[in-house]
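Based on the provided sequences and hints, a complete structural model is requested.
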Amino acid sequence: MLDIKNLLVRRGEGAQAHHVRLPNLQVGAGEILAITGESGSGKSTLLEAIGLLLAPVELERFRLGATQAQDIAHLLATDDQPALAAVRSRHLGFILQSGGLLPFLSVRDNISLPRRLLGMSAKSEHIDHAVDVLRLQGLLDKQPQALSIGERQRVACVRAIAHEPLLLLADEPTAALDPLSARRLFELLLSLVSSMGLSALVVSHDWALLKDFGLPRLGAINRQGETLFEPMD
Amino acid sequence: MNRWTDRLRLLGSLALQDLWHDRKVSLCIAASLVAVIAPLLLLFGLKHGVVSQLQDELLRDPRNLEVKMLSNGNYDTAWIERLRLRPETGFALGQTRSLNTQADLLIGMQRFVEGAEIIATEPGDPQLNLAALTPVGNQVILSASAAQRLQAKVGDSVQLRALRRLDGVNERGEMTLTVLAVLDGARFGRAAGFVAPPLLLDLEHFRDGYQVSAFGVATGKPLGNLQPLYARARVYARDIDQVAPLEHWLNEQHIETSSRLADIDNVKAINHVLGLIFGVIAMAALIGCVASMVGAFLANIDRKRKSLAVLRLLGFKRRAVGGFVVLQALILSLAGYIGGLGFYAVGSHLFDYLLGSSQATGTFVCRITVWHGVAALLLTFLVAALVAVIGALRAINIQPAESLREL
Numbered sequence: 001m002l003d004i005k006n007l008l009v010r011r012g013e014g015a016q017a018h019h020v021r022l023p024n025l026q027v028g029a030g031e032i033l034a035i036t037g038e039s040g041s042g043k044s045t046l047l048e049a050i051g052l053l054l055a056p057v058e059l060e061r062f063r064l065g066a067t068q069a070q071d072i073a074h075l076l077a078t079d080d081q082p083a084l085a086a087v088r089s090r091h092l093g094f095i096l097q098s099g100g101l102l103p104f105l106s107v108r109d110n111i112s113l114p115r116r117l118l119g120m121s122a123k124s125e126h127i128d129h130a131v132d133v134l135r136l137q138g139l140l141d142k143q144p145q146a147l148s149i150g151e152r153q154r155v156a157c158v159r160a161i162a163h164e165p166l167l168l169l170a171d172e173p174t175a176a177l178d179p180l181s182a183r184r185l186f187e188l189l190l191s192l193v194s195s196m197g198l199s200a201l202v203v204s205h206d207w208a209l210l211k212d213f214g215l216p217r218l219g220a221i222n223r224q225g226e227t228l229f230e231p232m233d
Numbered sequence: 001m002n003r004w005t006d007r008l009r010l011l012g013s014l015a016l017q018d019l020w021h022d023r024k025v026s027l028c029i030a031a032s033l034v035a036v037i038a039p040l041l042l043l044f045g046l047k048h049g050v051v052s053q054l055q056d057e058l059l060r061d062p063r064n065l066e067v068k069m070l071s072n073g074n075y076d077t078a079w080i081e082r083l084r085l086r087p088e089t090g091f092a093l094g095q096t097r098s099l100n101t102q103a104d105l106l107i108g109m110q111r112f113v114e115g116a117e118i119i120a121t122e123p124g125d126p127q128l129n130l131a132a133l134t135p136v137g138n139q140v141i142l143s144a145s146a147a148q149r150l151q152a153k154v155g156d157s158v159q160l161r162a163l164r165r166l167d168g169v170n171e172r173g174e175m176t177l178t179v180l181a182v183l184d185g186a187r188f189g190r191a192a193g194f195v196a197p198p199l200l201l202d203l204e205h206f207r208d209g210y211q212v213s214a215f216g217v218a219t220g221k222p223l224g225n226l227q228p229l230y231a232r233a234r235v236y237a238r239d240i241d242q243v244a245p246l247e248h249w250l251n252e253q254h255i256e257t258s259s260r261l262a263d264i265d266n267v268k269a270i271n272h273v274l275g276l277i278f279g280v281i282a283m284a285a286l287i288g289c290v291a292s293m294v295g296a297f298l299a300n301i302d303r304k305r306k307s308l309a310v311l312r313l314l315g316f317k318r319r320a321v322g323g324f325v326v327l328q329a330l331i332l333s334l335a336g337y338i339g340g341l342g343f344y345a346v347g348s349h350l351f352d353y354l355l356g357s358s359q360a361t362g363t364f365v366c367r368i369t370v371w372h373g374v375a376a377l378l379l380t381f382l383v384a385a386l387v388a389v390i391g392a393l394r395a396i397n398i399q400p401a402e403s404l405r406e407l
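Chains as they are written, first to last, in the UniProt record's numbering: chain X, 1 to 233; chain L, 1 to 407.
Think of the hints as simulated: they come from the structure by calculation, not from any bench. Treat the hints with care, as some may be off.
[What the hints assert, rightly or not] Calculated cross-link-like contacts (lysine-lysine; reagent style DSBU-like; alpha-carbon spacing at most 35 Å):
no.	chain 1	residue 1	chain 2	residue 2
1	L	K317	X	K142
2	L	K24	X	K142
3	X	K123	L	K317
4	X	K142	L	K221
5	X	K5	L	K306
6	L	K24	X	K5
Dropping the structure here:
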């Protein structure tokens, strides 16, 4: 599904520059992988690079898709921004730290917006399924500011998968939640990913939670001016 | 999102939903526009109303268009024709010597007007302003005063009588005229009859001692091949603005004239001064309006930076985000314009109601034309577009990655 080899991104310039290196990453359909590390280690930078929001300095391979995998590395090398934006809006789904819901749209419209942008029908079975699983039926006509933080994160989860992406990228989705809600959200996320056959990358620093769910983990190893992300146990 | 109309509809509905969600701020921006548009429309309405009323008064009285030739001269048909063909001239007609333009009008023995003015007229005469009615042959249009003294009405027969002294003998010529119309009292104050030009020439020839069969006399010199010579001309300018050049041309021909140019210049000066005052006020208000709207818009975009970044992350292109901002500016300016127009309608009615009936101010009007309204709308859109472009330039530089970073 997702296959990356030798990714190097740089944040900042000159002496201030910080490098983030990812030697190897493979995530299959229905698999979820956690990215862990201390604050400032470059987790978000890595996520931005995988989310095609930040151009890498070096890249050997970046393929996305099941049978006909798309060569993203080529698009990045030629800096084909329109094509990258198209891949991003069609095949990637983002869950942001604070939800990132649009305050002026109802929950229902927030969820259907990615589909409408792509010209897909606003309704779909798996949205209904996700709404059921996350118990959001009663909230569909509310505005985001009327929801609790936990509810907003659940809505953000549904929005991220609404357009049936291949890869789900979540940036500390449980950071703002109490432990119980965090655990529940994680459970739901896992079940959605496996039932829909997505690949998912979740940035988190909640070690205990990850351990409990037994997720495979990509950990940060800090060196001088560089962070290396390697599989850990 | 296959068709651009679908995209535009989605963009429009998002822009509207955002404005409605932020309705307090939207109301503030629209209200700031109303606060500029309504007073400017009222001010312009007053200026336009006052000036156009003064101009109407000028136009209503044809004497304001007339350039009077003060002394008698000798002008042949060719000269009159040249005068007519000048672009400044609206109407020109040769006149006989003033003494010869008088005759008596009578009906029976009891009703008569002694020494009524007999004036030539032709189609398009501004003095009469009767488009469809022009006397031909033996027809006459009576002034209100003459008609009253003769107790004549349309269709009556009136005797025209002129006297002359030929070879020491007093002679009397008469002809019968039919009343074609009676003029409104305001059009011409004195007792007069308006007739076709040949009839006036006949009258002059009769006075000058020629044999004119129309007057029923067989005496006098034969007319022969007499070319008409006019003593002066009745001249009207094409419009108010042409009075000055027309008078100038006549003066160049060494013809003394008088006109109401001073009154016309007064109105023009008032128009100029009011226009200048309005222009300066409008400019100051527009600059303030643009500045306040630019500020409000930029602050708004900064406030919505996160939402705009999320829209970019979800697949909105740069130009779509720019369009989002421009669309909102246009919607707000349209709302401001409609509000301003509403306030203008109320304000102008208030002016007309409170001041229009007052004796001191005369008839007082505050009005704008449809074209002024359209011009104001376009100006509003121009201001909005200017503001929106500044806002959009900032908005399109918002990167989708910003949605991931917490500030």
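Results for each hint:
no. : hint               : in the structure
1   : L:K317 with X:K142 : holds (28 Å)
2   : L:K24 with X:K142  : holds (19 Å)
3   : X:K123 with L:K317 : holds (24 Å)
4   : X:K142 with L:K221 : violated (109 Å)
5   : X:K5 with L:K306   : holds (32 Å)
6   : L:K24 with X:K5    : violated (51 Å)
The structure shown violates the earlier hints numbered 4 and 6.
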